[in-house]
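K.L.:
So the chains spell out like this:
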Amino acid sequence: MCELFASSTAQDATAWEHLARFAEKSRNNPNGWGIGFFRDGRALIEKSSESIHAGDQVHDGFLRLARVVDSRLIISQICGPQEGQPKESPVLPWSDQFLHHHWLFGFRGDSRIAHYQSPRPIMPDARSAVAVRVLEFIRDGMEAEMQVWPDQNLYQALALTCKRLITDYPGDYLFFLANETVLFAFLNHGEVLLYQPPQALGQALVLTTVAGGLTSDPDHWLAFANANRSRGQLLIISGGDLLYQGHL
Amino acid sequence: MCDLFAMCAARSHGAAGVLPLFAARGRRNVHGWGIGFFRGRIPVVEKSPEPVFRDGRAHDSFQRLARVVAKPIILAHIRYRSSGRVDECHAHPFTLDFWGQSWLFAHNGEAGAIESYRSRQAPLLEADSDSARTFEFLRDQFAEAASRPNHPTFLQILYEALAGLIRQYPGEYNFLLSNGRILWAFSNHRQFLLLKESRNLEEALLLTTIEEGLSPENWRTISLREGTWGKILLIAGGDLVLEEDLRPLPGCPTISSRDLPARQA
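One line per chain: the protein sequences are A and B, in this order.
For the first sequence, numbering that gives the first Met the number 0 gives the first residue as 0, with consecutive numbering after it.
For the second sequence, numbering that gives the first Met the number 0 gives the first residue as 0, with consecutive numbering after it.
FYI, nobody ran anything at the bench for these hints, they're computed from the structure.
Keep in mind it's a predicted model, so treat the numbers as computed, not measured.
There may be inaccurate statements among the hints.
One-sided and incomplete, this derived list gives chain A residues near chain B with beta-carbon spacing under 8 Å [said to hold, decoys possible]: (1) 10; (2) 12; (3) 45; (4) 48; (5) 142; (6) 146; (7) 235; (8) 243.
In this text, a Cβ means the ideal position worked out from N, Cα and C, and glycines have one as well.
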């Protein structure tokens, strides 16, 4: 199962300590890694299909990027072995442009959404890539919502799209979706852990799916868990603040 | 009655095309003006007790600032005194630090009951007005919430603070609250007018209390819904991210959506 990481800060900042720990604790995920961030409003992604670990060492490129990339929003994903049938597994995060923003997207989960046919496929030949289909579904759904009801707010458009996603394509979904200002986290299964570094109220937040979190004391991490797949919850984060938690 | 203006975008923009219109259409407010924005984490406020519009033109300094300020979020306030003296210190926006960051605050409405509020936190704002006390009241609620163990969301604290404010100090509260990255707006009287993708500022969202808006475009009117105590808006990066009704009954807010199920407590 893939592992996800996000950091959200009030000002551009690196997340190297947490990213290094993220890599350490995801060593059993051999199917590639990626780090996405924003520069001048544009989403940039560096990724590799190589394992995050080579022997006892974290991938050199990942560590160098972790030290250098500074951005208010950073999303990273370390891709793991797929359960069941082998599937094409494009390395995440992905990016796309819609609703006047560049977006970064990281995903873990599984569903039958591989059959979804978007009018604007991101990667047409990745027919079985669940993550890409989910991003397309989210993008298409939010665009349709905003077109039908332009006065709608962004949260509503995303929440309604997520509701439709888990209704039309039942399955396990956990994703981070961020533009240059706001990070949304959605889950209808599993757990997202949130950490506010000490003395950093309002300045920095870290999210991850890694069990136990990325510090020595798991008690410092606040867990957002979701047991009911037919429902889900959405978090809104900006800067170092958890702004909102809504349940579908 | 004072008037409010905000421009909110993902990246820095100037508001030279709309701030003079705000001054002109809010000309009845003759007791001062202020423009606020953030330089990094630091709030910057320029304000004056002089009328924003006189002899057929906007105040010279207001015009100059409107031409040169370019930031992701710009707030402006033009004042019609209902509380406190007419001087620079009573002009808005005000600044206070809480929840680990600095905030700008601009308010309109009459809320005489809050004038008696005495904050136990420091610092206190120099201004002696309902607006200053309102900002201190909000700051104090966040200061108290900082020690809560269950990590409440920002909206939970704001929601509870506003419910307490209106319950304890009934009055008219329209305000803007920004940390330079996001903008919260609240209204329990009058209205906000909102415009996305203006001809002048395609990537920005504009918000004002001026009834006719600031251009002959399709401004959306947002006002409190019947049976509620007010409307809370969250704006970030040129988007209306969240819109929430403040409800008179205790408890958590529900999502104001066409068909979303109610939010769990």
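K.L.:
Now, for every hint given, state plainly whether the structure supports it.
P.N.:
Quick rundown of the hints versus the structure:
1. 10: 7 Å, holds
2. 12: 12 Å, violated
3. 45: 22 Å, violated
4. 48: Status violated, d = 32 Å.
5. 142: 13 Å, violated
6. 146: 13 Å, violated
7. 235: For residue 235 of chain A, the interface hint holds, since the closest Cβ of chain B sits about 7 Å away, which is under 8 Å.
8. 243: Interface hint status for residue 243 of chain A: holds (5 Å vs cutoff 8 Å).
Figure legend: structure checked against the earlier numbered hints; hints not met, in rising order: 2, 3, 4, 5 and 6.
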